[in-house]
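S.K.: Sequence:
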Amino acid sequence: MFISLVILLIYCLSSIYVDENSGVAYFFVFLSVLVVSILIVVRGGLSVFEPITWFYLMSSLFYVFAGIICFYGFDFLYHDNFSNRPDRYSLLFDAIFVFTIGVIGYWVGDYFAGLYRYAEAKGEVTCVFSNRSLLFLGGVSIAVGIFNYILNAYMYGGGDLLLLLKDFGARDHRAEDVSFYSTFGYNFIVVGLFFLMLRRVAYFGSIGVLYKIIFVLGLCILLSTGRIWYSISLFFVFLALAHFSGLTVSYKRLAKYSVLFLLFIISVYFLRYYSNLLYIGKEGSFDAEIGNDFLTGFLVFIFGRSNVPSVPILMEVVHYYSETQDFYLGKTFFYWLSYFVPGYDVIFLGHEIKENFYPGRPGGFPPTFFGELFANGGIPFVVVFSIVAGFIFRTFYLYARGRGSFLVYFVYSSILFRFIFMLPKLELSAFGSAVWLFLPTFVVCSLIYLVYRVGRPGMAKK
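When you read off a place in the sequence shown, starting at 1, and then add 6, the result is the number in my numbering.
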């Protein structure tokens, strides 16, 4: 709390001069990074798969972006609305302040949640299903997903199984190009990987080469949808699942290959961009836009296209909802339900920002989590609900560690990498994506459990 008061005092004193002196904005970027670093050091004892670890990892990119803006200026790709505004450094200053207050609030909530100690499970997973049953469930589920992919390949590319991967940047046009295109069956790939991994954990104590091959195959099918993090996050989800289940995870080896995996992720992003140009017949412009100035092209692609928490969008939100727009007062907190409730149609905050400030421009314009909180109720909402978020996420993590259930581990890991990690750059509606990752598996497991309990009512719950 003392650090928060110091930040508030420095903010009030510095804001007097920020309009005339952009150096104050530079200083506040440095100060904010320093404070966040201190909070991480004070917290100490962080586990790799704790919520705050990944939440802060994504949040740190906000400050990198703020530094890039200070050096590159305000005409950074689509965020050129501020290039000629005399108050641009003042708005940048306000955006950094709002984000930093939110980060501090999250830390406070996480800290108080950690005061209560849950009893940790021993990492052993008990299973009521036989080896053959899990193999059957996993095999059938994977087969459903592969059949769906083959059907899509036949309808879209005349049976060319690689065309869906080649054109994965044009996923938004597939439903328009063919009479049938559906990815519903792809959900069963995740279900199948879940059961097959449970089998490996319960009966073999290791992952196995065949499972890794099946996993890579499933990952390629999911990548064909063009949703890159939607697909790649699956790797991290199952890595966390292996960790929680008691399997040995070599962090030295993981660190060794992390750089290669990062390059792979970046390469996939560029391949999607090239695939999109190839689809519209402008692949020749790829070299002109990227190859001639790779560093600038890379920075624009990663930071300018809202792949990290967007500083300019948060500047827009803080300015817009401070002067001309009424607050939502918590209404957007429930927008994620539109993914599941028929007839509940909403306009997401990111789409509203795009329509108001960047009409006709491609890409998404997510407001950031703290931007959404600000749009709902200003600084009080940022402080209160960032604390609530930190408390809830840490509590769920501790509950999952104490529960010792393979399914609960999977639900937590899905929420961690599909929602908590991405939340600093997105909005609360992203929770729907996390739910869709674990919901099919949860439903299948629940149905099987009900059948099992009805058939054997005398069995003790395991």
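Worth flagging that the hints you see were computed from the coordinates, not collected in a lab.
Hints should not be assumed to be uniformly reliable.
Stated by the list, open to error - Label pairs and their computed distance ranges (CB to CB):
no.: 1; residue 1: Ile-385; residue 2: Tyr-160; range: 54 to 64 Å
no.: 2; residue 1: Ile-454; residue 2: Gly-336; range: 34 to 44 Å
no.: 3; residue 1: Val-215; residue 2: Phe-333; range: 53 to 63 Å
no.: 4; residue 1: Asn-90; residue 2: Gly-384; range: 19 to 29 Å
A virtual CB, placed ideally from N, CA and C, is assigned to each residue, including glycine.
S.K.: Could you run down the list of hints and mark each one as holding or not?
M.R.: Comparing the hints with the structure gives:
As the Cβ distance of Ile-385 to Tyr-160 is approximately 55 Å, the hint placing it in 54 to 64 Å holds. Distance hint check: the CB atoms of Ile-454 and Gly-336 are about 37 Å apart, consistent with the given range 34 to 44 Å. The hinted range of 53 to 63 Å is satisfied by Val-215 and Phe-333, whose Cβ atoms lie roughly 55 Å apart. The beta-carbon spacing between Asn-90 and Gly-384, approximately 27 Å, falls within the hinted interval of 19 to 29 Å.
Hint check: no violations occur; every hint is consistent with the structure.
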